[in-house]
Amino acid sequence: DSGVTQTPKHLITATGQRVTLRCSPRSGDLSVYWYQQSLDQGLQFLIQYYNGEERAKGNILERFSAQQFPDLHSELNLSSLELGDSALYFCASSPYGTGDEQYFGPGTRLTVT
Amino acid sequence: GQQLNQSPQSMFIQEGEDVSMNCTSSSIFNTWLWYKQDPGEGPVLLIALYKAGELTSNGRLTAQFGITRKDSFLNISASIPSDVGIYFCAGVAPGAGSYQLTFGKGTKLSVIP
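Protein chains in written order, with this note's numbering: chain B, 143 to 255; chain F, 76 to 188.
I should point out that these hints are in silico values taken from the structure, not numbers from a laboratory.
Every value quoted in this text rests on a predicted model; they were computed, and no experiment measured them.
Treat the hints with caution; some may be incorrect.
Pairs of lysine to aspartate or glutamate residues, derived as EDC-like cross-links and limited to a Cα-Cα distance of at most 16 Å, are as follows [said to hold, decoys possible]:
no.	chain 1	residue 1	chain 2	residue 2
1	F	Lys180	F	Asp146
2	F	Lys126	B	Asp242
3	F	Lys126	B	Glu243
4	F	Lys111	B	Glu243
5	B	Lys199	B	Glu217
6	F	Lys111	B	Asp143
7	F	Lys145	F	Glu129
8	B	Lys151	F	Glu116
9	F	Lys180	F	Asp113
10	F	Lys111	F	Asp158
11	F	Lys180	B	Asp182
12	F	Lys183	F	Asp93
Sequences and hints are given; from them, build the entire structure.
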């Protein structure tokens, strides 16, 4: 158990819908990262937050957004969902967000039908 | 962007054998991390490397940060059935404000009892 929690574990929704994925980092970690894992693209970085502020953006679509709250939990919002958005979404956390060790949560499997 | 070439893509070994896999890049990295992922689960951090030339062990696992900072390898000694899974290398590239992980495509390890 990495100490990173993610909910829900599974999510099935229809195209065009909007969903919110939730992540709680390890106790004491200030930085949260979101990654998408699909069969064809592998693990891809989406976005990083540090202590409530956005720090870096990767291959995140405009339909996707995220935020980190004062209690350091984070949410990833996915809207106007398409079939191709079906993937595993992982949250990771690290203490300082400066190239230190990242610990991954168990992931949310999103299926868009 | 940075790319990590991980090899081999898959390997079948006999229980008790030693395993070696590696990751190379055309650009330098400041941090190398090795993860293991079981199907449907989040990646689990195995070893973190922060300094060129560093050699670090974690039980039967040993990893090294290449002296050129463009490669890393992971060795598993005396493999056992629970070593089965996908092993990913990941790196953090130098660059102000961006500490996301770039992942290799993974090495799928199968252990024959």
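Straight-line alpha-carbon gap F/Lys180 to F/Asp146, limit 16 Å:
holds, 15 Å
(request) Would you mind confirming whether the straight-line C-alpha gap from F/Lys126 to B/Glu243 stays at or under 16 Å? (result) Measuring from Cα to Cα gives roughly 14 Å; hence the hint holds.
Checklist entry - Taken at face value, is the distance from the CA of B/Glu243 to the CA of F/Lys111 at most 16 Å? => result holds, 14 Å
Under the criterion that the straight-line Cα-Cα distance not exceed 16 Å, is the pair F/Lys111, B/Asp143 satisfied?
holds, 13 Å
Does B/Lys199 pair with B/Glu217 here, judged by a C-alpha cut-off of 16 Å? holds, 15 Å
Below or equal to 16 Å on CA atoms is what counts here, so check F/Lys126 against B/Asp242.
holds, 12 Å
message = Please verify whether F/Lys111 and F/Asp158 have alpha carbons no more than 16 Å apart.
response = Holds, because 9 Å separates the two Cα atoms, which is no more than 16 Å.
Take the C-alpha atoms of B/Lys151 and F/Glu116, compute the straight-line distance between them, and say whether it is at most 16 Å. holds, 10 Å
Check your understanding: Can the restraint linking F/Lys145 and F/Glu129 be considered satisfied, given a maximum Cα separation of 16 Å?
Key -> The hint holds at about 13 Å.
> Does F/Lys183 pair with F/Asp93 here, judged by a C-alpha cut-off of 16 Å?
Replying inline: holds, 15 Å
CA of F/Lys180 to CA of B/Asp182, is that 16 Å or under?
Since the Cα atoms of F/Lys180 and B/Asp182 sit roughly 10 Å apart, the hinted pair holds (cutoff 16 Å).
Under the criterion that the straight-line Cα-Cα distance not exceed 16 Å, is the pair F/Lys180, F/Asp113 satisfied?
-> Distance ~14 Å between F/Lys180 and F/Asp113 Cα, so the pair holds.
In summary, the structure agrees with every hint in the numbered list given earlier.
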